[in-house]
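Peer 1: The residues making up each chain are set out below.
There are 6 protein chains.
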Amino acid sequence: MPKRDLVDYTAQNPFDRFPDGRPKVPDDLIQRARDLSAEEIWAVLQAKGYNNQYADGFQVLHPGETMVGRAFTVQFMPSRSDVDDVAQQKAKAKGMPRLMNQTAIDMLQPGDVLVVDLFGKKVNGTIVGDNLFYYTMQATHSGGLVVDGAIRDLNGISEIDMPAYFRSVDPTPIGNVMLTGINVPIRIGEVTVMPGDLVVGDREGVYFIPPQFVQEVLDKADETHVHDEWTKKKFAEGKYKSSEIYGSPSDPKLQQEYQEYLKRRLEEIRKQRSSK
Amino acid sequence: MPKRDLVDYTAQNPFDRFPDGRPKVPDDLIQRARDLSAEEIWAVLQAKGYNNQYADGFQVLHPGETMVGRAFTVQFMPSRSDVDDVAQQKAKAKGMPRLMNQTAIDMLQPGDVLVVDLFGKKVNGTIVGDNLFYYTMQATHSGGLVVDGAIRDLNGISEIDMPAYFRSVDPTPIGNVMLTGINVPIRIGEVTVMPGDLVVGDREGVYFIPPQFVQEVLDKADETHVHDEWTKKKFAEGKYKSSEIYGSPSDPKLQQEYQEYLKRRLEEIRKQRSSK
Amino acid sequence: MPKRDLVDYTAQNPFDRFPDGRPKVPDDLIQRARDLSAEEIWAVLQAKGYNNQYADGFQVLHPGETMVGRAFTVQFMPSRSDVDDVAQQKAKAKGMPRLMNQTAIDMLQPGDVLVVDLFGKKVNGTIVGDNLFYYTMQATHSGGLVVDGAIRDLNGISEIDMPAYFRSVDPTPIGNVMLTGINVPIRIGEVTVMPGDLVVGDREGVYFIPPQFVQEVLDKADETHVHDEWTKKKFAEGKYKSSEIYGSPSDPKLQQEYQEYLKRRLEEIRKQRSSK
Amino acid sequence: MPKRDLVDYTAQNPFDRFPDGRPKVPDDLIQRARDLSAEEIWAVLQAKGYNNQYADGFQVLHPGETMVGRAFTVQFMPSRSDVDDVAQQKAKAKGMPRLMNQTAIDMLQPGDVLVVDLFGKKVNGTIVGDNLFYYTMQATHSGGLVVDGAIRDLNGISEIDMPAYFRSVDPTPIGNVMLTGINVPIRIGEVTVMPGDLVVGDREGVYFIPPQFVQEVLDKADETHVHDEWTKKKFAEGKYKSSEIYGSPSDPKLQQEYQEYLKRRLEEIRKQRSSK
Amino acid sequence: MPKRDLVDYTAQNPFDRFPDGRPKVPDDLIQRARDLSAEEIWAVLQAKGYNNQYADGFQVLHPGETMVGRAFTVQFMPSRSDVDDVAQQKAKAKGMPRLMNQTAIDMLQPGDVLVVDLFGKKVNGTIVGDNLFYYTMQATHSGGLVVDGAIRDLNGISEIDMPAYFRSVDPTPIGNVMLTGINVPIRIGEVTVMPGDLVVGDREGVYFIPPQFVQEVLDKADETHVHDEWTKKKFAEGKYKSSEIYGSPSDPKLQQEYQEYLKRRLEEIRKQRSSK
Amino acid sequence: MPKRDLVDYTAQNPFDRFPDGRPKVPDDLIQRARDLSAEEIWAVLQAKGYNNQYADGFQVLHPGETMVGRAFTVQFMPSRSDVDDVAQQKAKAKGMPRLMNQTAIDMLQPGDVLVVDLFGKKVNGTIVGDNLFYYTMQATHSGGLVVDGAIRDLNGISEIDMPAYFRSVDPTPIGNVMLTGINVPIRIGEVTVMPGDLVVGDREGVYFIPPQFVQEVLDKADETHVHDEWTKKKFAEGKYKSSEIYGSPSDPKLQQEYQEYLKRRLEEIRKQRSSK
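Chains as they are written, first to last, in our numbering: chain A, 23 to 298; chain B, 23 to 298; chain C, 23 to 298; chain D, 23 to 298; chain E, 23 to 298; chain F, 23 to 298.
Heads up, a few of these hints could be off.
The list cannot tell twin chains apart, which means a pair is met if one copy fits it or any two copies do.
Unchecked claim - Derived DSS-like pairs: lysine-lysine, alpha-carbon spacing no greater than 30 Å straight-line:
(1) Lys25 to Lys46
(2) Lys114 to Lys70
(3) Lys112 to Lys25
(4) Lys112 to Lys144
(5) Lys46 to Lys261
(6) Lys25 to Lys114
(7) Lys25 to Lys116
(8) Lys25 to Lys261
(9) Lys70 to Lys242
(10) Lys116 to Lys263
(11) Lys46 to Lys112
(12) Lys144 to Lys242
(13) Lys242 to Lys263
(14) Lys255 to Lys298
(15) Lys144 to Lys255
(16) Lys285 to Lys275
(17) Lys261 to Lys285
In case anyone wonders, no lab produced these hints; they're calculated from the structure.
Looking at chain A on its own, in the form it has when it is part of the complex (with noise of 0.2 Å):
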């Protein structure tokens, strides 16, 4: 994609880009991102309109553990050789090597989520085994990966330390596809990806976060952890009905309590975060 139309397509964007003109959500919002939930993201995003942000049915690599990350997007489509020979003519005449999924691999940065569309293919729809996923944890510092498509080499990828997302799992290499796209709009499930989007994943499904919303779901976040916390310490009392508590309390006095305690918390937050 030439850099002004992805410069275009993500014209929301209210944060720096990365020289080719892909989005780039900063460090430390990325690092708050970690404690995110896929339902406070779900309640933000829905309140804009945002509904096929989320993707599931995935196979979760380490399943207690969190992947946050920059979408780095790859797409394959089924081989035919005389679109590909024209791709890899056009490839070699602008000095690129030959067009497959170590020239995408190879282009990725510390931060990035390898998020790859192969049609949910199986057989031949590997994106990497273990070498080359050993390389796309050392070169996204443990970004991660989401393939719609298959990994092989599981056995050896469950002792390296990177999110993944997958569909299958298959002892063949990849084949029998062509590369038709490198930080491209994707397609992963009911969602399109855009390059650059805040990739959240959990033990659910993986969330694709359009940079103009980041700041606005890490916010809210905020509050939903404080809430989520007092309603668990008033439930732990054992004195209360969980609707005269959850959504918000019923009593005017119960209310101005949780008020008073998410001010307090908020600030405490807030606080611990600038201190570090």
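Position chains B, C, D, E and F relative to chain A; hints supplied.
Peer 2: Only chains B, C, D, E and F this time, still in chain A's reference frame:
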């Protein structure tokens, strides 16, 4: 369900009942049931002609943990406002709160397992998130949850120590459904679940035991435990073919040895139990 | 379901009722409904916020034929004899015959569609074979059958002229289930079906229209029929792009032409209808 | 797709092109292609190493009818308004109408088959209802429709004489998607479809033949037709085992008989064809 | 399978045998079996404790047509050349042709149904295309085909008048498999099929009747035909509830009427049959 | 299977055999095979044209553990008593015990993996519960279990230290099947398994290696281990793009470095191995 109906339809219950008529399997039997396996329950129920008391195909929250408790049943159906409006008016007329998931959850008792028919719904089919899951854990003393539907906030829920069986996970809240029954007969998979059934869940699936069979299931299980203990002991000796020992020993001397072992161990088990 | 409850829960019904309280959409509206398409029904119901009235995924017996009639609902659940015995005693005490599929079938009225919840059961989930299908055809005057379950003897049934929608076919008879309700609210797929709903089935699936919306659905459909007639007429002229004509004509002169056509044709349709 | 790119990526096209660069397989070859079977196409393409040109798993509207035409491709992706807004502005800047399904449909030419990637979407994944299906039939001269998605108003559509292949049917209109490409490479199942591919659909599935192979496929098919004609004639004589005749005759005399038959019939076919 | 084994394992066969030992259900019984329904077969076989003789889930080539014939079984397994090479050498040593699908097809007899285990294979799992399907039709006198696998060239095959049941259709030829048995016991779905079983296929699925039960199935079916004839006649009178007539008449006078009808009609049927 | 046939069909076996003719891959090679990955096996077998030796889609009992052993195969088919009675008589005549799962289990040897075709059966398709699983563990010295079918008593089994691969879990015991072969060729998924194949299972699935390829697989795997070791070491240095190192180093100096590393490490590995 009117108390009278509930009592009628569970007429074979040999135990006490809750004020609303629901059978109350005693606490000590619930404790003993923690050692049950699915096979031990199957053996007694199939002999009685009860072949529809087992449901599987769930995601299991804590696979190593056994779930045991009394069924507290809840039924939802797809929403249509003409019907739901009438139900809400009827509830209001009886002084009940607005009918929703929390209405049922606020009625849970220690030792209950919340069993919910959400007809396999995923999107907007989430009976609880982590706050209400935490409340349920408190209210039931870690009884458990079985939902033919979804939960949300799996990351949060997986840190809470209560067994749970669910079909799927989704970030959306519950919606587009109406509550149509609390402690009524419901269907979970191929099982008709009655309020007060003893619910036993292991790694494989969930059994719903009618109260009238609980004592017999437990007593037979004592024998099976001893049988399996002895069988494995003999196998560990390495002197026998499996068919010489299992299902029952073919050699009369081994048969006698087993009968004596069984008798002795059952006595020990009962002694140990009564001394608690 | 007691008559009182049935009347309460269908309070918005604007038509007569059967002696048991079930709404009775008039015969002439049933006749008009034979020309409805799924899309026309969808348009009115979604505007009312009724998004759960459509079920599909059935095998359709006679794909070219439309099914229209009043819902007569029947519910089965997995058998457990402790519950079934009580239900049978209660039925006997009321002077009813043994509860089974024929109990319900013998209550069918002309114009009814038999709608059965057999929870998707295939083996032993067959509501009728060719004899009872023939009886149902006679009793309902070819009303129809919708079963979330199976039928048996498809060869024989396919020669009988009544619409039917079913999930599967099996040679076994019905068994291992218990009848738990006649003319109660039941769930078919993602629909809560109420007794007396107008059932409309086409090649795509089955709509369940609450009686209070039947008149409006039919009136709007008249307009849609004229709209589609005019649209295709204009397309057949070959002079227009689709977007000049459909959804509505962009050119004011075409708009006027359409409005006049609509008015004239609606008058013709109504005249023709009243002259019958 | 800019015309230049479309011409580049279809550089092997031996035929004329449409003004936008799309290859234009000649009308007479389209006519001849009506007699092709999936196996005849498979034989030529696999020999060329093109193993990804066949898609199946569709519902077929008129199973007895063959579909033949030039691929007119359309791509949709899940909607996200930040991206769609930019695309709409860009379209507007070029003087194009609002991007939606009708935008593409209004560009169809006689002999086209509309090939649409709606990523298998059912609810709100309906490319046309009966009005636009009728328009497409008029515009393409009954070319055809292939959609990896749904259609609506099947009752109406099934009365219209144009071949169609679709995944499902739903009463909802298209929605929650954005148009992302017209006459771009798209993926349908395991096929990368290029604009201008010759689309051939039978009872089994749909083949997408690159223009450069159309002539050879047709010529080989002539031979296969004669081969099958002769093979069945010999089988009908009842004197031979299948292996004496098929794949090719083992007896030299039969081999000679076949070669003479083949030569004679091919001449007849070509004569007959040229005399038209 | 050596003839001796085949005779041993079908020892209960009451009829003649083919030279290779395969049971030969007589032609006149095959003719009578054309009127059987799946339910009639089910009734006899389940009473004998044979619950695994029915397979479904097939695509049916000509749904209105009944298939009846003697099972000629063929087994394929996934290819591995070390095993296949030995099998080919053994075949050669016995003077047999190279083992492949045609080897079996060339052995078919009039009245046979070709029953093939291709373990559900689709790609390269196609037992026949239209040429060999035509040959099979000739050789078996339109006996039929059941394949747990695929066929190719459906367009051509659907014009040939022989019943066929298959799992899928694919353009590829058979490959990557090895022939491992002709007229050996094979598994089709949940059925162990023996060579010489009477195969009966209708719209629902396929029954495999052991020869020793054929006579009884046919005789019971005569009664069932009369029973259904009488039942529908009574229903058509419109005077009875279904439960007064079906399963059997409750009123002694109706019972007597039925018994007389049954006796008379059975005599007529037998007379008519013997006069042929 | 007669010994003679078993020896014939495994003629390429380079190792000793068990008394019944089954190939016996030596114990030291079994030990070395514990370090194999699926990819290493795939590389050798596909080069030999053996593309059908891998099965997946199992539930894996202990995902972190590798399974290695010699295939001991068992085949079941759906029960039909006419066939089973003959088989039992034949077994009895040979002095064998009643044919059932334990008949085969009692024949297991140290180092065996029990491989069972139960055709995917779940209910009554359970080859072992915890007692027989324990026995199998003792008899095979924790060899392993692969069943295209089910197990029962998962809770008990998961505490026993032996690898196992199964399709499902059910509380019912094995039933409604008949044992039709011990140490015969069987099909597991898309694999023809021969008795004596080396079975290797990891997190992904199970490979069945013909004995004649075991030595070569192991030797190539040594190289691959060194290759991956070196590749990751270079990646860890962080100085190279993945394509400079992997699949093989592009720079001649790196190539030389690698070759020297490979030579040295292979020597070390062999020395270490021989010193054991």
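Peer 1: Determine for every hint whether it applies to the structure shown.
Peer 2: Tested hints:
| no. | hint | result |
| --- | --- | --- |
| 1 | Lys25 to Lys46 | within (14 Å within a copy, 33 Å between copies) |
| 2 | Lys114 to Lys70 | between (43 Å within a copy, 24 Å between copies) |
| 3 | Lys112 to Lys25 | both (17 Å within a copy, 16 Å between copies) |
| 4 | Lys112 to Lys144 | within (29 Å within a copy, 37 Å between copies) |
| 5 | Lys46 to Lys261 | between (47 Å within a copy, 24 Å between copies) |
| 6 | Lys25 to Lys114 | both (19 Å within a copy, 21 Å between copies) |
| 7 | Lys25 to Lys116 | both (15 Å within a copy, 20 Å between copies) |
| 8 | Lys25 to Lys261 | between (59 Å within a copy, 27 Å between copies) |
| 9 | Lys70 to Lys242 | within (13 Å within a copy, 33 Å between copies) |
| 10 | Lys116 to Lys263 | between (67 Å within a copy, 19 Å between copies) |
| 11 | Lys46 to Lys112 | both (28 Å within a copy, 24 Å between copies) |
| 12 | Lys144 to Lys242 | between (39 Å within a copy, 25 Å between copies) |
| 13 | Lys242 to Lys263 | within (26 Å within a copy, 40 Å between copies) |
| 14 | Lys255 to Lys298 | within (27 Å within a copy, 34 Å between copies) |
| 15 | Lys144 to Lys255 | between (46 Å within a copy, 29 Å between copies) |
| 16 | Lys285 to Lys275 | within (15 Å within a copy, 62 Å between copies) |
| 17 | Lys261 to Lys285 | within (24 Å within a copy, 49 Å between copies) |
Hint violations for this structure: none, all hints satisfied.
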